[in-house]
Amino acid sequence: MADVHSVATRSYNMSQIRSKDTKPEIVVRKFLHKNGFRYRLHVNNLPGKPDIVLSKYKTIVFVQGCFWHGHENCVKFRIPKTKTEWWANKILGNKTRDNLHRINLETAGWKVLYIWECNLQLEQLITLANDIVDKEKG
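Following this note's numbering, the numbering of the sequence shown begins with 30 at its first residue and continues without gaps.
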């Protein structure tokens, strides 16, 4: 199936996709800050340049986009109908890289938490906050 957009339009659309300071990330950051958590953003010297680093709790939070990180069984994730093989390889590469970053962070003693863009309801944010302070998890 051919792309319905011109090359220029597709290029522009793709250039508008953010890698940091996304709307889901800002929702999580506002929630954490409002609840007394202090953090650093996009720390360069940690594997994967984590979205949120809570050093006090030795915890990393990645706010994952369902499409880009291949959230299984999620309505927001499906492989596009054009260039399906390319997209499947792209998403698989992202998932593989995410897993490698998680392993490296955990090996370095960090607790790694993920929150998906489809799970930004208050209940999931409260669970996230509880997971941050829960020393037994991880």
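No lab work stands behind these hints, which were simulated from the structure alone.
As the structure is a computational prediction, the values presented were derived from the model and not from experiment.
Just to be clear, a hint being listed does not mean it is correct.
[To be verified] No more than 25 Å apart at the CA atoms, straight line, and that leaves these computed lysine to any residue pairs for SDA-like:
#, residue 1, residue 2
1, 78, 121
2, 140, 77
3, 78, 117
4, 85, 56
5, 63, 159
6, 63, 124
7, 52, 67
8, 49, 151
9, 63, 153
10, 140, 51
11, 85, 35
12, 78, 128
13, 78, 137
14, 52, 151
15, 52, 82
16, 59, 83
17, 49, 71
18, 49, 99
19, 49, 101
20, 105, 60
> Given the proposed pairing of residue 59 with residue 83, does the C-alpha separation stay at or below 25 Å?
Replying inline: holds (14 Å)
> Between residue 85 and residue 35, does the CA-CA distance stay at or below 25 Å?
Replying inline: violated (48 Å)
> Has the given pair, residue 78 with residue 137, been kept, meaning a C-alpha gap of at most 25 Å?
Replying inline: holds (14 Å)
>> Need the status of pair residue 49, residue 151: alpha-carbon distance at most 25 Å?
In response: holds (22 Å)
> Does the alpha-carbon distance linking residue 52 and residue 151 stay inside the 25 Å limit?
Replying inline: It holds: about 15 Å lies between the C-alpha atoms, which stays within 25 Å.
> If you draw a straight line from the CA of residue 78 to the CA of residue 128, is it 25 Å or shorter?
Replying inline: holds (13 Å)
> Taken at face value, is the distance from the CA of residue 159 to the CA of residue 63 at most 25 Å?
Replying inline: holds (14 Å)
> Between residue 78 and residue 117, does the CA-CA distance stay at or below 25 Å?
Replying inline: holds (23 Å)
> Is residue 63 close enough to residue 124, meaning Cα to Cα at most 25 Å?
Replying inline: Since the Cα atoms of residue 63 and residue 124 sit roughly 31 Å apart, the hinted pair is violated (cutoff 25 Å).
> Is it true that the CA of residue 52 sits at most 25 Å from the CA of residue 82?
Replying inline: holds (18 Å)
> Is the Cα-Cα distance between residue 63 and residue 153 25 Å or less?
Replying inline: With a Cα-Cα distance of about 15 Å, the restraint between residue 63 and residue 153 holds, given a limit of 25 Å.
> Is it true that the CA of residue 78 sits at most 25 Å from the CA of residue 121?
Replying inline: holds (19 Å)
Hint check: violations occur at hints 6 and 11; the rest are consistent with the structure.
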